[in-house]
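Number of protein chains: 2
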Amino acid sequence: MRWSEIGDMTCSIARALSVVGDRWTLLILRDAFLRTRRFEQFQASLKITRHRLADRLQKLVDNGILERLPYQDNPPRFEYKLTAKGVDLYPVIAALVGWGDRWMAGKDGVPIELVHRGCGHTIAPEFVCPDCREPIGARDMLAQPGPGLLAQRKKRRSAVKRKT
Amino acid sequence: MRWSEIGDMTCSIARALSVVGDRWTLLILRDAFLRTRRFEQFQASLKITRHRLADRLQKLVDNGILERLPYQDNPPRFEYKLTAKGVDLYPVIAALVGWGDRWMAGKDGVPIELVHRGCGHTIAPEFVCPDCREPIGARDMLAQPGPGLLAQRKKRRSAVKRKT
DNA sequence: ATACTAAGTTCTAATTTGGAACTGATGTAT
DNA sequence: ATACATCAGTTCCAAATTAGAACTTAGTAT
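Keeping their order, the protein sequence lines are chains A and B.
All residue numbers for the first sequence refer to this note's numbering, where the first residue is 305 and numbers rise by one.
All residue numbers for the second sequence refer to this note's numbering, where the first residue is 305 and numbers rise by one.
Some clues are possibly wrong.
Said to hold, decoys possible - Cross-link-like lysine-lysine pairs, in silico, BS3-like; alpha carbons within 30 Å at most:
{"#": "1", "chain 1": "B", "residue 1": "411", "chain 2": "B", "residue 2": "351"}
{"#": "2", "chain 1": "B", "residue 1": "389", "chain 2": "B", "residue 2": "351"}
{"#": "3", "chain 1": "A", "residue 1": "411", "chain 2": "B", "residue 2": "389"}
{"#": "4", "chain 1": "A", "residue 1": "363", "chain 2": "B", "residue 2": "351"}
{"#": "5", "chain 1": "B", "residue 1": "411", "chain 2": "A", "residue 2": "459"}
{"#": "6", "chain 1": "A", "residue 1": "363", "chain 2": "A", "residue 2": "385"}
{"#": "7", "chain 1": "A", "residue 1": "351", "chain 2": "A", "residue 2": "411"}
{"#": "8", "chain 1": "B", "residue 1": "411", "chain 2": "A", "residue 2": "363"}
{"#": "9", "chain 1": "A", "residue 1": "411", "chain 2": "B", "residue 2": "459"}
{"#": "10", "chain 1": "A", "residue 1": "363", "chain 2": "A", "residue 2": "351"}
{"#": "11", "chain 1": "B", "residue 1": "351", "chain 2": "B", "residue 2": "385"}
{"#": "12", "chain 1": "A", "residue 1": "389", "chain 2": "A", "residue 2": "351"}
{"#": "13", "chain 1": "B", "residue 1": "411", "chain 2": "A", "residue 2": "458"}
{"#": "14", "chain 1": "A", "residue 1": "458", "chain 2": "B", "residue 2": "351"}
{"#": "15", "chain 1": "B", "residue 1": "351", "chain 2": "B", "residue 2": "363"}
{"#": "16", "chain 1": "A", "residue 1": "389", "chain 2": "B", "residue 2": "411"}
{"#": "17", "chain 1": "B", "residue 1": "458", "chain 2": "A", "residue 2": "351"}
Quick caveat, the hints were computed from the structure, so don't treat them as lab data.
Using the sequences and the accompanying hints, generate a full structural model.
The following block contains the structure:
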């Protein structure tokens, strides 16, 4: 199985993970959020092999998460910047940081604190319902078929009909 | 390099990803959140090889994210349930769903909608600062060294001192 | 002329994964 | 009683992915 397509890909998580779901990619993005931009910087920070790094950066560019922009011409050199689609992955990173802080922190406490520029508080952000503003936990949400799944089911039904 | 330890592990993301950061694990957890519990159910749903599944489940149990509980004695059979630590990964899953919905949905629309049980609205949850309740984006947060990192730096400094 | 930098590429060896068959304890149908 | 099915895994080999290290290319600095 090629990892560009996981399982049935009906699920948004599967689709997201097909782009972002390997071990290095999220670490590369973490560095990107901390304003790392250049090949050598990523490599030095992550100790990823150069090969792998080139590969992952390429994939992120292909998927519109990073942009490869020239920053000088002679010799041609490029840097990688988060696109809007990339910046929008921030909640994923933040959620991972939060969980890591809560459950995997060493005895010395959390390694990095997040400070909200607006109010100056150093707290992990939390998920809320944008409508009623209540914090959201796993069992507060109900998953139900959306338009995409319904459309797909419809297609499948008519495909079966054609066969019989 | 063994993947139980990524890079320098100073970072909460690296620590989180060392447990949760491979392609199958988050899909297994997605299923767990949708109340899948048994080996055969996971296998049928994910089409992961049995070998890999056994491996990943074991690792999740080792890390306290799933619990392996007997549900019958003759023959002995077990099911896997999310622990508190596992349930607390919900924001990560939710963030992935949100991003997948926003950027990777097919033309038919999102496959699954999330309904907030409290208010009945079908919207993707958003991140807010728990203090001022403002929505949080990538550039609204400032990362600064926390107690864990400071403690570690202190240790390193004294180690250097001993050497010289 | 030599060394150095940035951003890759190429090569081989080691590790991880996929695919498919097999196990073992039990329950059910013929 | 024999055959077949279920569940929760193991075992084995081939295929894909990754690590590690050296090499490339184009320009700059000493």
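Cross-check of the supplied hints:
1. 411/B <-> 351/B: Distance of about 25 Å is within 30 Å: holds.
2. 389/B <-> 351/B: Holds: residue 389/B and residue 351/B sit about 26 Å apart, inside 30 Å.
3. 411/A <-> 389/B: The hint holds at about 17 Å.
4. 363/A <-> 351/B: 25 Å, holds
5. 411/B <-> 459/A: 14 Å, holds
6. 363/A <-> 385/A: Given pair residue 363/A, residue 385/A holds - Cα atoms ~13 Å apart, limit 30 Å.
7. 351/A <-> 411/A: 26 Å, holds
8. 411/B <-> 363/A: 22 Å, holds
9. 411/A <-> 459/B: 14 Å, holds
10. 363/A <-> 351/A: 19 Å, holds
11. 351/B <-> 385/B: 20 Å, holds
12. 389/A <-> 351/A: Measuring from Cα to Cα gives roughly 26 Å; hence the hint holds.
13. 411/B <-> 458/A: 14 Å, holds
14. 458/A <-> 351/B: 23 Å, holds
15. 351/B <-> 363/B: Judged against 30 Å, a Cα distance of about 19 Å means the pair holds.
16. 389/A <-> 411/B: Cα-Cα ~17 Å, so holds.
17. 458/B <-> 351/A: 23 Å, holds
Violation of the numbered hints given earlier is absent; every hint is satisfied by the structure.
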